[in-house]
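From first to last, the protein sequence lines stand for chains A and B.
For reference, each letter of the first sequence is one residue, going 1 to 299 in our numbering.
For reference, each letter of the second sequence is one residue, going 1001 to 1156 in our numbering.
What the hints contain is simulated information worked out from the structure, not anything from laboratory work.
Among these hints, one or two may not hold up.
[As the list claims (entries may be wrong)] Here are some chain B residues pointing at chain A (derived, C-beta under 10 Å):
hint, residue
1, Val-1057
2, Arg-1058
3, His-1096
4, Asp-1100
5, Gly-1106
6, Glu-1116
7, Gly-1154
Glycine included, every Cβ here is placed at the ideal spot set by N, Cα and C.
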Amino acid sequence: MKKLLRILVLTVVLAVLGLTVPDSTVRPAEMALVKINTASAVDSGGQDMLWILMVGSDARPGENMTRSRGDALQLVGINTRTGAAAAIGVPRDSWVDIPGFGYSKINASMVYGGPQLLGRTIGNLVGVQPQYVFVTRFQSFINMVNAIGGVDVQNPTPFSDDVLHRDPFPRGKIHLKGYSAMAFSRIRHSLPGGDFDRSRNQERVMKAIVTKIVQRADQPGFLAHGVTTVMKNLDTNLGPGELYRLAEVAAHVVPSKITSCVVQGSIGDIAGQSVVRPYVSAARRYGNDARRDGTIKHC
Amino acid sequence: MQEPAAPPTFKVAPVVKVGRVVGRISKKHQESAQRQISRAVMRWIDQAYLSTDQSTVRHAFGGFSRDMKNRAFHDRSVMSNAGIGGITTIVPSTLHITTDMLGVKGLPAGATSRIELRYKTIGDQRRHVVVGGRVSLVHDPHGWQVISYDVHRGVR
C-alpha cells in the first residue's frame, strides 16, 4: 500500500513537471550573432606592389603642366594584397643627380625631361622606380578635393600664410575644402621645419584623400565620378579602363596601414640657391622597407 | 561512396538594373554592356553560391581577370560556398544586381555591380546566407572582366 502510494505521488509529480517544464523547442530568437566574413582584392597585373609618383606641378595657368617644376613630390607604394601603403615625401629643393643633366634641384627634373625623367630621378634617389607618374596642377587639385567633398586632416601645428591662407589652420582635426587643402599642402615659410614639414603636410592630405575614397567607394557611382574628375584634371595617357582599375586600387587601401616618411637632409647653399642635401641611405631604406610589404618600419 | 550532388531546387529570378551612369553612353551600348556584365556576375554567383557541386568552383571565376581568378579562388571561403560542407539543396530567395557605369565618348569603360544575394542551404547544416558587396569590371579584348571585388558573406 505504501509502495502504491509512493508510485502514485511520483506519477503526479512527473505529470505536474510535464506540464510546467518547457519542451525542447527553440524559442524565437530575440538576438542574433552572425559571423560576417569578408574578401577583398584588386587586379594589380600580377604584381603585389604598385608604385605611383604623385606630382603637384607649380605651373601657372597657360603653362605646360608637365614641363614645369614639381612642387609636391610623393612616391607612393601600395601593396595590393594587404592594402598597406607607404608614402615617401621628397623635398622639392633636394640636390640630386638628374640623369643626363648633372646635379640640380630635383624639382627641375620635370622641366628638363617631363614626368618620365622626374620619375627616374626620384626612383634613383629612393631605389624604387615608379610604374606611374601622375601630374596635377593647383586648380586641378582643388577641383579633385572638392569632387570628393573635402578631406579631414589632423594638424599638429597651427599656422597661416599671408599670401595663401591668412586664416590660421588650427591645431587638431580640421576639414579642408579644395583651396584650403591646396594651401595646407603648399605653405612652408611659417612652418618650423620648412620644406620637410610641408612634405609631411602633403602626406597628411594624401592620406586624408585616400581615407575619403575608401569611405565613399561603396556609394553608387562614386568611383565612376572619381575617374571622370581625374580624367579632366590629371595629365595622363592612361585609358579610362586602366584609370578605373587604379581607382579600385586606391579604394582597397586600408587607411590604418598607411605609413609615411619624408626624406630628411642637411640644408645648404649652392650657387646662391638654398638646397637640401638628401640623406640617400635613409631614402633607400624607406624604399627597401616599402618594397617588401608596403610598410615603412620607422622614419 | 557519396551520392551525386543534387542540382539547385530552382534558379532565382534576378532583379537586374542599371544604377548610376556617369558620362554619356548610348542606350544601345548601355543595354549591351548591362547584359554582358550581368552574365559575368551571374556566372560567378550561380556556380559559386547556387550550385551544390563545389568541386568545380574554380570555373565560377571564369568572368574574372587572370589575377582575380587566382585571388578569388584563394578567397573561396567567402567567394563561394566552399566553407559550408554537406550541402544537398540550395534554396535561393533574392538576388539584386545594380550596375553603375562610366561612359567615355559614348562607350562604357568601367562598371561596378552592387550585389545582394539571399539563400538557404539544406544538408548537414541548415544555413541562412546573405552575400553582399561590389565587384568592378572593365572591358578588354576578352570582354567584361571582374578586376576587383569587395564581398562579405554572413551565415546564420
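Any hints this thing doesn't respect? Which numbers, in order? 1, 2, 3, 5 and 6
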